[in-house]
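K.L.:
Given only the sequences and the hints, what does the whole structure look like? Please build it.
As you go down the protein sequences, you meet chains A and B in turn. Residues in the first sequence are numbered from 1 upward in steps of one, following my numbering. Residues in the second sequence are numbered from 1 upward in steps of one, following my numbering.
One or more hints might be untrue.
[Said to hold, decoys possible] With beta-carbon atoms standing in for the labels, derived distance ranges: (1) A/Asp86 <-> B/Asp38: 17 to 23 Å; (2) B/Asp89 <-> A/Ala48: 42 to 48 Å; (3) A/Trp32 <-> B/Asp51: 54 to 60 Å; (4) B/Gly79 <-> A/Ala48: 55 to 61 Å; (5) A/Asp86 <-> B/Asp51: 16 to 22 Å; (6) B/Asp132 <-> A/Glu67: 58 to 64 Å; (7) A/Val47 <-> B/Ser112: 35 to 41 Å; (8) B/Ser50 <-> A/Met43: 44 to 50 Å; (9) B/Asp65 <-> A/Asp86: 34 to 40 Å.
Keep in mind the hints are simulated off the structure, nothing from the lab. Built from N, CA and C at the ideal position, the CB exists for glycine as well.
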Amino acid sequence: MDIMTEKDFEALWQRAEAAEHATLLTAEYPVWRRNRRRAMGVMASLVAVVAVALPLFAHPQAAASDERCLVAYCNRPDTASQYWVDMADILLREA
Amino acid sequence: MKKALMTMVLVALLAGCTHQTELPPEGALYRHYAARQDLGVAQLNGFKLSDTVRVDIVMLQAENDEAWQQLTEEFGIEGDEGTVSWLGDIDDPVQRTQWTGEPVMRVIASHSQRTIGFYRLDNEAQYDALIDYQLEKIENNN
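P.N.:
As structure tokens, this is what we get:
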């Protein structure tokens, strides 16, 4: 869906007025405005979803663990952070 | 309105990435060993000891006997069974020290797990919470 800017619409209006089509544009304007708002809403939702998801993919080894640990880093991507949390407990229990 | 929304999203995006990718300065120990192929290396930031106290931990786990032997020599760990524990210097955990209220590393080395844990203790609250947590774990295990 093409999104017309305010400047584009103004230019179109001027041309339509000169061509005496202003009445037609007046009828079409609410439809155009509603479509434009819908398109902007879809774009804003998309950007918000990407903003939330991207940090999770930016550093997969730093995925947040459960609340027992805020952030876990590991040089073994296939090892779950929970493994290290459990290991920290084991060491404390054995010491 | 649109510009404000985009700005807010970009700020949130940048803040999130920074939080996830930047190791704190005390991540030097992790970085020192992270490239080793024969070691599993992990850093746990904000390991929960109680409702109000968390600590940062670095773990080194040897993948074979040779790597473990090398670690025990590097950190001056004697014996070949059981668990060894000491308070180490915050910048050089090999050096044994005592609790004076200054930041230290509580180091625990387990022969059976072939693992060394470095528990960073910056203040007395963390020091006390670690002991309480450890006692709680031992009691629950018995």
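K.L.:
Are the hints correct? Go through all of them and say.
P.N.:
Each hint, compared with the structure:
For A/Asp86 and B/Asp38, the hinted distance range of 17 to 23 Å is satisfied, since their beta carbons lie about 22 Å from each other. A beta carbon spacing of about 47 Å between B/Asp89 and A/Ala48 agrees with the range 42 to 48 Å that was offered as a hint. For A/Trp32 paired with B/Asp51, a C-beta distance near 56 Å keeps the hint of 54 to 60 Å intact. As the Cβ distance of B/Gly79 to A/Ala48 is approximately 56 Å, the hint placing it in 55 to 61 Å holds.
A hinted range of 16 to 22 Å holds for the C-beta pair A/Asp86 and B/Asp51, which are about 20 Å apart. For the pair B/Asp132 and A/Glu67, the beta carbons lie near 18 Å from each other, so the given range of 58 to 64 Å is not met. Between A/Val47 and B/Ser112 the Cβ separation comes to about 51 Å, which falls outside the hinted range of 35 to 41 Å. For B/Ser50 and A/Met43, the hinted distance range of 44 to 50 Å is satisfied, since their beta carbons lie about 45 Å from each other.
In this structure, B/Asp65 and A/Asp86 break the distance hint of 34 to 40 Å, their C-beta atoms being roughly 23 Å apart.
Taken one by one, the earlier hints fail for this structure at numbers 6, 7 and 9, listed in ascending order.
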